[in-house]
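Engineer: If you want the building blocks of each chain, they are given just below.
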Amino acid sequence: MAKEDRFAVIRYLVEKLKDVGKTRIQKIVYFLQYVFRVPLDYVYTMHYYGPYSEELNDDLIDMKLHEYIAITPDPTGYGYHITLGGEVIASMENTIKDYERELENCLQKFGQLEPQKLELLGTLHFVENVALTSSKEKTKDQIIEMAQILKPVFTRPYIEESYEELKNIVEAH
Amino acid sequence: MDTEALEKSEFRDPVHGFIDVYEHEREIIATWEFQRLRRIHQLGLQSYIYHGAEHSRFGHSLGVMHLAGEAVKKIFEKNKEDLTRSLGGGEDESEALKETLYFAARLAGLLHDIGHAPFSHPGEDKLFQAKLRHEDYSVPIIRNSRIASIIDGYRDKTGVSSEDVVNILDKHGIYHFPFVKELISSYWDVDKMDYLLRDSMYCGVEYGRYDLPRLIYTLTLDKGYVSGSLQLAIHVDGIHTIEALILARYFMFTQVYFHKVRRSFDIILAEFIGDCLEEEYGKRTYPPPDSLAEYLNWDDNLVLTKAREKADETQKNLAWRIIQRRHYKAVYQTLRHPDPLIKTKVGHLFKECEKEFNGVRFWLDRAAGHPEMFKRESLPIMGDNIWPPASLAKESAALEGLKEINQYRIYADVKEDDILHRKIQDFCNNFMR
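So the protein sequences, as listed, match chains A and B. The working numbering applies: residue 1 is where the first sequence begins, and numbers increase by one. The working numbering applies: residue 1001 is where the second sequence begins, and numbers increase by one.
Source of the hints: derived by calculation from the structure; they are not laboratory data. As the structure is a prediction and not an experimental result, all values here were calculated from the model. One or more hints might be untrue.
What the hints assert, rightly or not - Lysine to aspartate or glutamate pairs mimicking DMTMM-like chemistry, simulated, CA-CA at most 25 Å apart:
id, chain 1, residue 1, chain 2, residue 2
1, B, K1126, A, E54
2, A, K3, B, D1092
3, B, K1343, A, E55
4, A, K3, B, E1271
5, B, K1351, A, D5
6, B, K1171, A, D141
7, B, K1394, A, E114
8, B, K1171, A, E67
9, A, K3, B, E1124
10, B, K1306, B, D1339
11, B, K1345, A, E4
12, A, K138, B, D1170
13, B, K1345, A, E87
14, B, K1260, A, D58
15, B, K1074, B, E1400
16, A, K64, B, D1417
17, B, K1351, A, E67
18, B, K1355, B, D1417
19, B, K1126, A, D62
20, B, K1345, A, D74
21, A, K109, A, E128
22, A, K3, B, D1365
23, A, K64, B, E1400
24, B, K1126, A, D58
25, B, K1310, B, E1054
26, A, K16, A, E104
27, A, K64, A, D141
28, B, K1403, A, D58
29, B, K1223, A, E104
This is chain B alone, in the form it adopts within the complex:
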């Protein structure tokens, strides 16, 4: 393996500054499948609330690639002996292993979102065939496009095969160094590290910010303490940065991703795309992974073009709502952490609304996120004088009070009728009183 033999260029990234891009990565970036990510908005129609949020999966994928590589470098420096030994190798193989892990993590980071559907997440639970998710398209895309041959063609220089990348990305894949999988997909993965900063920057909010350089610098492995495998851990000096990451994610969920207007447009997009799919294929789901060309044809531009063609103000249809930014109105919402009694009552309210306002369509939306899950997984805390490793779940006082988000909202299609909107709001408030 000879890294020096790889040509390198720099891309200017708005979040991370200059990032290195190697020639095989450039070839992948140039493929049709990767360029498509320019046409997939990172946050659906979030720009209808925060107008700067026009960024795409393309930039995010480059950011994740960069962070995955930086994290592996730092982790390797601190755990060189353990990692080399776990492969049964000696000092001589150490440098080669470091480069292999570096390139493997970067390629997995670069390609982790290659299978995304239009507008990223809206409608994911409805628009894919049973149990499928965008991740289920990533592996077939890599295997059945030029991407696999590009990766394999550079194997003598990177030490990485396309199947290695597939094994890191696929939920059923097994990679010899599980911490790389954890780095790409877990509660403290580089995906979150990038999107929190990127989404904050493009939305113009500060909620997602935390000390990234410190976090990367303090990532390490647990010497096999927790499960016998070398597992991702954090140095004791990094506790506050990982807490900040977790809190940042919580704030971004409550303030940005679960914003009531964003959730309304998620419903609208999912319904509209469902209609388009039905028109095209007779069913409201994307083509399956064995019809990749068909699936990859769907991007934001196609959906927006269809919306522009179908927009009809007289009918106030879905297409018109998308083009003219007219969302369904929230007529009732709970707090973010409602007690169980309220939750049951909202279900009853929803049914009562449908009975009382015959002809008006209602949607019951549940915005749920589990920041507490960060606590549920025990990120080990390492330090020179700390053995056995402590657990973030136990040591973090700052995360102690964090609760699951579980906000219910009822939306109504009131056809821009403000009087009807208020009438329904009053009905809801009276019911819940």
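Here chain A stands alone, though its shape is the one from the complex:
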């Protein structure tokens, strides 16, 4: 997808999500790409807060430079607030039209979730579908075990419950 179109998608998400943090936007875009198949082509890696794309971070900074969005640090020193900037993207309407259904579905399924929940769902999805594998198929137990190593703050029952939740969302789509 062309840069301008990626910018349009991100600006649309920021508009809908209002004041959104970096963790949330990273995860929403992740699901948009991997579950709802919007061809954003971001490369995601596993970060402390779940799947994370350096390229998306670069785009956010670029968008800030173009004033499509504003990024302000949280007073705690951890995290940022992303809001709409003063500049508009001319082609935005056309781009959004092409992916309207996917965007709405993604926002409906994931838009209301807390960042921590998104972190866990993103981690589970990444471990199952994106993470490097030495050709062996991953079982549910292996996926949950790996997610627990990556996200030790969550209990195993909660991870299992979230895994089922995610499965339902993905299958329903």
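We have chain A already, so just place chain B on it with the hints.
Structural biologist: Below, chain B alone, put in the same frame as chain A:
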């Protein structure tokens, strides 16, 4: 695991002095794939500006290996209990875990640049097939060469498998101790710690210098405060050294890596290599990772040999420019942090130049770097009397004013015609006035 059973020798490194090299690492260094790094310049044709900058990815890789090991040792000493507990182990396993992490980090450091293309970075966004980067070649190189069997052959002595190294290096890999991945690739990784000092030394500049021993000594983990995982952090005593690293990188970008002549040669190299690839394969991209032998055949020597054969002064062609150090001329450049209005205007200027000077080729170059990103990621600050951990983003007054670099330049192929060069410069200045 028995580290003592590993033979050790010392290499003399220009930046770090004597560094230990273990026998399995020596075997990897001796492979054809690793020796190729001697023929990949660290900074492209930077030596055309700073003549000392002839260093290669080979020395840098050894430096990163050394720093990765030193950092892990220091971090482990300070976080032994947390790290051992996170693996569900007790005191007995502590030493073995320390050595495993030490060797894993060293091997990842040693191999982190194994997939680099000729001259390192020039043309990376154009000369690789869609979405590929040099990092995407590293894993196949490790898996499909002797390197994997060397690593696996020493597993009983190091505790590290080739898949562990792959998982640390690969963007989709998951390693049980994520801080090791962060140490190898992040905003404050050992890659930057090495290249800033190394590039400064070889370029003969002071911009990239900072207090490395202090920085390594003050690296620690955050006790899981930020995300639940043990994340890289810095002791409060190290704040100024990490600030110095970030500022050093900013200065190196503005003064060295984004130098206007270097950027011009990056354009020339990318075009010339693209031509060579097209001649060889019918398309302007490197062979994909499943054609490794073909890909690894490309190194600086091959490109320079081709350039020497094709150089033609009468045509003032790309090959001649490379061999004779004749770069495209910058006819206009913005400041490093231009306001949005200027940026839009430069785009218009570029189009006007093409219209006005029919027959002259122009390039619009954007040198962008985001030192501010250091601030965007919250490196936790730890200390005996500090809880919860503070955030570098909030505590660092020195980094407060740092801005993204976003410099635009227009280059022209004026065929060494100084009068035409000045004429275009005047046109640009008048347009932008």
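Engineer: Run every hint past the structure and note whether it holds.
Structural biologist: Each hint, compared with the structure:
Of the supplied pair hints, the one linking K1126/B and E54/A holds, its CA atoms being roughly 19 Å apart against a limit of 25 Å. Simply put, K3/A and D1092/B have alpha-carbon atoms about 53 Å apart, too far for the 25 Å limit, and the pair is violated. Between the alpha carbons of K1343/B and E55/A the distance comes to roughly 21 Å, so the proposed pair stays at or under 25 Å and holds. Proposed proximity of K3/A and E1271/B is supported: the alpha carbons are some 23 Å apart, at most 25 Å.
Restraint check for K1351/B and D5/A: the C-alpha separation of about 23 Å stays at or below 25 Å, so the hint holds. The suggested pairing of K1171/B with D141/A holds, with an alpha-carbon distance near 23 Å, which does not exceed 25 Å. Between K1394/B and E114/A, the direct Cα distance comes to roughly 24 Å. Compliance with the 25 Å bound is thereby established for this hinted pair. In summary, the hint linking K1171/B to E67/A is not supported, as the alpha carbons are separated by about 30 Å, beyond the 25 Å threshold.
Of the supplied pair hints, the one linking K3/A and E1124/B holds, its CA atoms being roughly 17 Å apart against a limit of 25 Å. Between K1306/B and D1339/B, the direct Cα distance comes to roughly 42 Å. Violation of the 25 Å bound is thereby established for this hinted pair. Taking the CA atoms of K1345/B and E4/A, the gap is near 18 Å; set against the 25 Å cutoff, the hint holds. Distance restraint check for K138/A and D1170/B: the Cα-Cα separation of roughly 18 Å lies within the 25 Å cut-off, and the hinted pair is therefore satisfied.
For the given pair, K1345/B sits about 16 Å from E87/A by alpha-carbon distance, which is consistent with the 25 Å threshold. As the CA atoms of K1260/B and D58/A are separated by approximately 23 Å, the hinted pair is consistent with the 25 Å bound. This hinted pair does not check out: K1074/B and E1400/B have alpha carbons roughly 29 Å apart, beyond 25 Å. Of the pairs offered as hints, the one joining K64/A and D1417/B is violated, with about 40 Å between alpha carbons and a cut-off of 25 Å exceeded.
Under the criterion of a C-alpha separation no larger than 25 Å, the hint pairing K1351/B with E67/A is consistent with the structure, at around 23 Å. A hinted pair counts as satisfied when its Cα atoms are at most 25 Å apart, and K1355/B with D1417/B qualifies at roughly 19 Å. For a cut-off of 25 Å, the pair hint linking K1126/B to D62/A stands: about 20 Å separates their Cα positions. Under the criterion of a C-alpha separation no larger than 25 Å, the hint pairing K1345/B with D74/A is inconsistent with the structure, at around 34 Å.
With a C-alpha separation of about 19 Å, the suggested pair K109/A and E128/A falls inside the 25 Å cut-off, and the hint holds. The suggested pairing of K3/A with D1365/B holds, with an alpha-carbon distance near 17 Å, which does not exceed 25 Å. About 17 Å separates the Cα atoms of K64/A and E1400/B, which keeps this hinted pair within 25 Å; it holds. A C-alpha spacing of about 18 Å is found between K1126/B and D58/A, which places the hinted pair at or below 25 Å, so the restraint holds.
For the hint linking K1310/B to E1054/B, the alpha-carbon distance of about 23 Å falls within 25 Å, and the restraint holds. Taking the CA atoms of K16/A and E104/A, the gap is about 10 Å. The hint holds against a cut of 25 Å. This hinted pair does not check out: K64/A and D141/A have alpha carbons roughly 42 Å apart, beyond 25 Å. The hinted pair formed by K1403/B and D58/A meets the criterion: a straight-line CA distance of about 14 Å does not exceed 25 Å.
Between K1223/B and E104/A the alpha-carbon distance is near 39 Å, which puts this suggested pair outside the 25 Å criterion.
Of the numbered hints stated above, those contradicted by the structure are hints 2, 8, 10, 15, 16, 20, 27, 29, listed in ascending order.
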